[in-house]
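Going down the list, the sequences are from chains H and E.
Read in the working numbering, the first sequence has 34 at position 34, and its numbers run on one by one without any break.
Read in the working numbering, the second sequence has 82 at position 82, and its numbers run on one by one without any break.
Derived by calculation from the structure, the hints in this document are not laboratory data.
Backbone N, C-alpha and C fix where the C-beta goes; we use that ideal spot for every residue, glycine too.
One should not assume that every hint holds.
Said to hold, decoys possible - Far from chain H, some chain E residues (derived; all Cβ distances over 10 Å): (1) PRO69; (2) PHE91; (3) ALA99; (4) MET156.
What the hints assert, rightly or not - Label pairs and their computed distance ranges (CB to CB): (5) E:VAL101 - H:VAL11: 30 to 40 Å; (6) H:LYS2 - E:VAL82: 21 to 31 Å; (7) E:GLY78 - H:VAL39: 26 to 36 Å.
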Amino acid sequence: MKSLALVATFVTGALLLYSTADFAEWGSPQSPPNAHVSVRYIEKAVEETHVPNLVTAVLGDYRGYDTMFELVVIYCAGTAVMAILRRREDETDSEEDAS
Amino acid sequence: MRIDYKAARDDIPQRDMIVETAIRLMVPFIQLYGLYVIVHGHYSPGGGFQGGVVLGASVILLGLAYGLPFSKEYLNEGTNIVMANIGALIFTGVAAICAFVGGMFLDYSALQSILPFIGPIDWRSHGIFLVEVGVGMGVMMIMVSIYWDMASAGKMDEGL
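Model the full structure from these sequences, guided by the hints.
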């Protein structure tokens with residue numbers, strides 16, 4: 001079972017590495033993300049949102065959905081830590097009695 | 001709220017006057033800076049996440065210097081979790097209100113139709129501010145909550 005997991009890990013890793021070859025060229029002004037989206041943000045963001053800081057405009061408005069779920073991820077992490085670790089007083093006492 | 005630093009200090013055995021005094025002086029400024037980072041996110045680097053972490057760090061510092069019970073007194077445990085929920089709900093709530101009043105989900109300019117004071121483009125700016133406040137609140141409270149749980153192994157009695 002462990003060797004199966006190891007094989008699965010390596011296969012997934014190899015697939016991910018293979019797919020990096022299809023990425024847009026790093027730093028190239030002709031690559032699709034730089035040719036369309038970035039230009040549009042730089043030219044129109046202040047005009048469309050009246051926010052002088054382009055990072056905030058992209059983070060809060062154009063990519064608001066992403067930011068919303070970033071907050072939800074942090075919230076889930078916090079509630080998960082709370083659910084796993086936090087104990088009430090009476091539970092702690094009964095554990096100590098049992099041990 | 002009146003904070004009794006002296007009573008809190010007497011509770012922990014190995015207390016250090018230098019650390020306690022330094023943190024007592026620093027905490028108000030750290031919190032002010034955290035609020036500045038949140039509200040000034042439109043004009044300078046910053047925003048809800050960064051400002052929330054700075055605000056959370058101020059409470060964690062109090063917990064480190066004065067002991068975890070004192071930081072729980074400073075920021076009530078119930079308030080903590082309620083504010084974390086409110087923070088997440090502010091963001092999703094603003095987004096949903098935009099959808100209910102006729103725009104698209106997260107399209108803040110739709111808020112113009114219920115509060116027509118400043119125009120749809122400025123509402124996009126102010127909508128970002130609203131959700132940043134929610135982000136800051138949620139991040140601060142979750143940071144403090146994770147610190148409490150990790151430092152006391154969930155017992156919430158004493159810190160590191």
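| said: Tell me if the beta carbons of E:GLY78 and H:VAL39 are separated by a distance inside 26 to 36 Å. | reply: 49 Å, violated
| message | Quick check for students: does the CB of E:MET156 sit more than 10 Å from each CB in chain H? | response | 7 Å, violated
| query | Are E:VAL101 and H:VAL11 spaced within 30 to 40 Å by their CB atoms? | reply | 49 Å, violated
| query | Against chain H, does E:PHE91 keep a CB gap of more than 10 Å to every residue? | reply | The claim breaks: E:PHE91 does not keep its Cβ more than 10 Å from every Cβ of chain H (closest is about 5 Å).
| said: Just want to verify: E:ALA99 was marked as not at the interface with chain H; is every Cβ pair farther apart than 10 Å? | reply: 12 Å, holds
| Assertion that E:PRO69 lies farther than 10 Å from chain H (Cβ) | It holds; E:PRO69 is separated from chain H by about 13 Å at its closest Cβ, greater than 10 Å.
| Is it true that H:LYS2 and E:VAL82 lie within 21 to 31 Å of each other by Cβ? | 45 Å, violated
In summary, the structure is inconsistent with hints 2, 4, 5, 6, 7 from the numbered list given earlier, while agreeing with the others.
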